[in-house]
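The hints should help you fit chain D onto chain E, whose structure is shown.
Each protein sequence line maps, in turn, to chains E and D. Residue numbers for the first sequence follow this note's numbering, beginning at 159 and rising by one. Residue numbers for the second sequence follow this note's numbering, beginning at 1342 and rising by one.
The hints are simulated quantities; they were obtained by calculation from the structure and are not laboratory data. Treat the hints with caution; some may be incorrect.
Here are the simulated DSS-like cross-link-like pairs (lysine-lysine), alpha carbons at most 25 Å apart as the crow flies [claimed, not checked]:
id	chain 1	residue 1	chain 2	residue 2
1	E	Lys399	D	Lys2016
2	D	Lys1841	D	Lys1805
3	D	Lys1739	E	Lys505
4	D	Lys1508	D	Lys1550
5	E	Lys400	D	Lys1960
6	E	Lys492	D	Lys1841
7	D	Lys1727	D	Lys1739
8	D	Lys1443	D	Lys1461
9	E	Lys239	D	Lys2016
10	D	Lys1960	D	Lys2016
11	D	Lys1805	E	Lys505
12	D	Lys1943	D	Lys1960
13	E	Lys399	D	Lys1982
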Amino acid sequence: MATNQTQATTSKPRRHFLKTAAAALAAPYFVPSRVLGAGDAVPPSDRITLAGIGIGRRGTYDLGCFLDQSDIQFLAVCDVKETQRRSIKAVADLRQGNTDCVMYRNYQDVLSREDVDAVLIATGPNWHGTMAAQAARAGKDIYCEKPCTKNIDESLELAAIMQRSGVVFQAGTQRRNLPHFAFACELAASGRLGKLKRVYAHPRGMTAKMSGWLPPEDAPPIEEVDWDTYLGPAAYRPFNKKFLDGFNFEKGGGLVGGGVLEWGSHCVDLCQLAANADSTAPVKYAPPVDGEIVCTYANGVELVLREKDWLPLGSCPVRFEGEDGWIETGDSGKFVISSNELLAGRKIEEIGGYPATFHVRDFLDCVKTRSQPAANAEAACYSHIACHAANIALYLGRELDFDTETTQFLNDAEANRLRSEAIRAPWRM
Amino acid sequence: MTHRILLLTLLSSFLSFSSPIAFADTPPLPDEATLLDLLNSDAEKSEKAIACKQLAVVGSAAAAGALAELLEDPELASWSRIALAAIPGDEVDSVLIEALQKELEPRTKIGIANTLGKRKCRAAVEVLTATLEADNETLAESAAVSLGHIGGPAALVALQSTLNDAKSATVSSGAAEGLILIAEAQLRSGENDSAAAIYDSVGQADVPKPRVIESLRGSMLARGSDGVPLLIEQLKSNDWKRQGIALMTARELSGEGALASLMTAVDQVDGLKQALLVTAIAERDDPAAASMLVAKAKAGSKTVRVAAIEGLARIGKADSFPALLALAASDDSVIVATSLQTLASMNDDQLNRVIADQLDAATGNEKVVLLQVAAARRIDAVDSVKQAASSSDAAVRKAALKALGQIATMKEIPELISRVIEKQGQDGDAAMDALRATSIRMPDRDAVAEMLIGAADRASASDKQALLGIMTEMGGDKALAAMRDAAKSNDRELQDLATKFLGSWMTVDAGPVLMEIAKDNDHPFRIRALRGYLRIARQFLMNRGSRVRMAKQALAVADRDAEKRLILDVVERYPDKRMLEITLQIAKTPSMREDAIQVATKLVRILGGAPDTLQQFAKLWPQQSDLQIVSANYGADEMQKDVTQELATLKRIGPAVVIAKSYNATFGDPAPGIKKQLQVSYTVNGQSFETVFEEGQAVLLVPNQP
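So here's chain E without its partners, still in its complex pose (with noise of 0.2 Å):
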């Protein structure tokens, strides 16, 4: 007798133990004392504590999402900027019905607390990479927003230094757990589309530049801005308030600027799951044409990180494409397949869309089991370093051919230095 395509996948299932066995047993079965706590009632001295690391806008929605779960209490947050931290206070103390939340502007400080398990950074992207250097040297457990990193040297050494020190470590790259997002990765990964020829990303932007200095200013007083530290690792330049608008600064450390990589870290980082490529980036990456940057992968799929021509779904849509079929999703929650049989009798509203919860929870059960989230070190590494490739091809002007392996250019001497940048004493990773 013949067998269909299985519904099972070449992709590893997840870790659901906890979940299945919190969801089908009337009383948990994975409920230790201390961390491993789970359920709807988690007494406080069983919770995973957290503390907050530049919490803006940004990180105000992720920490809405850590507060939404019952096992996690936020002990603390951490801002350069003093209104910040008193915000952030005000909303977790209201969340949590007490007066606990501590404020710090020193991230030293928070570092340093024993009993922090766990922290959420979500700086400017200037100190991603950094700060979750210095909270795994601290030995807690990171959720870092994205972009993570500031260039190809820094996403290996942050992948290392994660490993290293045994902590676990979740990108802020949230659509890897959305189910269409997933559901779209998982057809192309799997097979179902047939052998993949393309995945595409958006990168919303194609700049690649130098960061700068702006005309000096009067500093604000350190309690108000720490701007010395909110510098951090980026070289030194005076105070000018127009850098405090952290989503733009400082963001690809030598290149700045443009959606590759701060779009890319998202988009890209899905073609790299869909591509099955977690551990691995292009190897080749040429400058743009008509507004597509093609990178190829060593088996010959491509990348291309294009700006038009996409269905209307969303921001960060991706499309891949099979030789039997193609699926292109949005932030919509919709996607567009090239045939229903894919569904495998499901209705495209069944599959999709957010919130951005499942990958908070994908975080804190992995904390509790210490299996590799999602959006782990590696994962991010690389799809991080496809990104950086791809800007210093931008940047450059020139078709780069990259040695995965060596991690190093062949035969560019230029873009091998772009491939790292010294940051500022006394930061280091």
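Quick look at chain D alone, frame taken from chain E:
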């Protein structure tokens, strides 16, 4: 070359922070000589900083001296080091080593020490070793870590000495980190024994706990299978950090016999710890662990059993199937649910054949499980499942019909229709569900639709409704044509049903059919059809032109305010210049005028103030009003500019002020690089209003702003 010329050259390549330049405009980097001239000039620090970044890409040994001089400037040291870190060669190493021995700011020296480590500069071992004694703890710590990056016997000796005799926790932590880096390098090159000795020495030293945890991981990894006792010791402890590193290392541990040792050791812990270890072993993704998981799944603590069954989803193959089948057919609901989930997701195509082969002979609960798994895995076992659908066992029949919904092909659709229409068997609802699930899976929707249409002719009223529902879910030309015929039939009941289904159609091709009905003044459900048509215009993906056409066509047949309100919703959701005309039309209905003006104002504000748009907008105010501008301010935060005069003198079209160029070009830019607002106080026929416009919006000074 003068400083100014240099600056111009640099500016052509420095892409400024505030004005992004597209890739195509990126000029080539300046050459090294130009950049060095700038470093040696009296240029501003900001310019020298950017020159350093560019030298990082194009600089050579020739730049080492000039860059080293900048290390003495605390504001430029970090920029200088960006270049020094990137430029290869002994010359750069030499200037860095020399600088580390100078009287510089501690921060600068920390940076230099870090850079020497990153460069893996062997020549720096001596100076870094001396730096371990620095008064500044962070500097000594950085030197220690850099020695770890560089490695080699001398670095090892220096770090071991510091570890045992560190003057602060910071320095001992740095020494430990350096040693761990050296041990890691040894591990990579297969020197496991010496790596283990280093890890052990760190673990036994008085260092911060994270270093102890890191060293424990290394001590286990370096010993391979012999590291398992240490791993179990950590797992048995009451310290979560030690338990945690044991569990993580259990996933990483490599070398001959490592898996076997771990499996043997599983029973040395119990309860939750055993469950977590079982999960960790499963996550090694080695099928050789499957037999252990099967054994654990069968008996013992339920916590461990669940973890083992979950683990089989990752590594289980067909030979785990008999045990899982028995578990899935057992009495314990948790074990059953977990086993079914595992059977559904195991990645082994051989398993499909095993399941298919067992289907015919199985009975009772076991048969139900096999059918559930066949459905979940979509195994091509149609004949066996069809046979089971006629079983005398109701539970088997139900499971079989459900499975058919997942695996039946076009060939089985007539049989499923017969079961539905002729009530074959006693499972009408289950058969209808199977028919639905099968139909919507089929790629040839039209062929399925033909079969369903044929069936509908001979079906009961309730079955007919269900069949039309299936066609609605499927979509496709034939199904739509059938629905149109039903909607246009003379059978009121059928008209009612068909227009309801058309109203929930999932593709835009239902639009013309709905419009056809909406235009039919005699159709009893024309209003429903129009609303269904507007649902498509509001919610579905289509190009702008199509949506404008739909809105216009809807307006032509809309005679009630409620539907006109829905048309305004379309306009609001999809701002487009062509939609403005539609809004003006709706505004002609007196009861809709206020709503239409609100929407038109919102629309034009978003679209901006092109003169032809403003001309159209002004048609909403045919009578002249007395409009006076009281005050106007343009800016952001405290950076405001009074633009009352400028605004008052601009040309107006009705209530709209014509801003021919940008806000900045018209009013000047009081806050460069920041998004600004225009705040206007004005009176219309003596009544006062105040409105804020975002930069770039059309300035519409109307009485009631949206």
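Hints, verified against the model:
1. The straight-line distance between the Cα atoms of Lys399 of chain E and Lys2016 of chain D is roughly 14 Å, inside the 25 Å bound, and the hint therefore holds.
2. Note on Lys1841 of chain D and Lys1805 of chain D: the hinted pairing holds, with a Cα-Cα distance of about 14 Å set against a maximum of 25 Å.
3. A hinted pair counts as satisfied when its Cα atoms are at most 25 Å apart, and Lys1739 of chain D with Lys505 of chain E qualifies at roughly 22 Å.
4. Using a Cα cut-off of 25 Å, the hinted pair Lys1508 of chain D and Lys1550 of chain D holds, with the two alpha carbons roughly 17 Å apart.
5. For the hint pairing Lys400 of chain E with Lys1960 of chain D, the CA-to-CA distance comes to about 43 Å; that exceeds 25 Å, so the pair is violated.
6. A hinted pair counts as satisfied when its Cα atoms are at most 25 Å apart, and Lys492 of chain E with Lys1841 of chain D qualifies at roughly 24 Å.
7. A hinted pair counts as satisfied when its Cα atoms are at most 25 Å apart, and Lys1727 of chain D with Lys1739 of chain D qualifies at roughly 11 Å.
8. Between Lys1443 of chain D and Lys1461 of chain D the CA atoms are separated by roughly 21 Å; this keeps the pair inside 25 Å, and the hint holds.
9. Distance check on the hinted pair: Lys239 of chain E and Lys2016 of chain D sit about 22 Å apart at the alpha-carbon level, within 25 Å; holds.
10. A C-alpha spacing of about 31 Å is found between Lys1960 of chain D and Lys2016 of chain D, which places the hinted pair above 25 Å, so the restraint is violated.
11. Restraint check for Lys1805 of chain D and Lys505 of chain E: satisfied, since their Cα atoms lie roughly 22 Å apart, inside the 25 Å limit.
12. For the suggested pair Lys1943 of chain D and Lys1960 of chain D, the alpha carbons sit about 15 Å apart, so the restraint of at most 25 Å is met.
13. Among the hinted pairs, Lys399 of chain E with Lys1982 of chain D is consistent with the structure: their alpha-carbon atoms are about 20 Å apart, no more than 25 Å.
Hints 5 and 10 from the list above are not met by this structure, while the remaining hints are.
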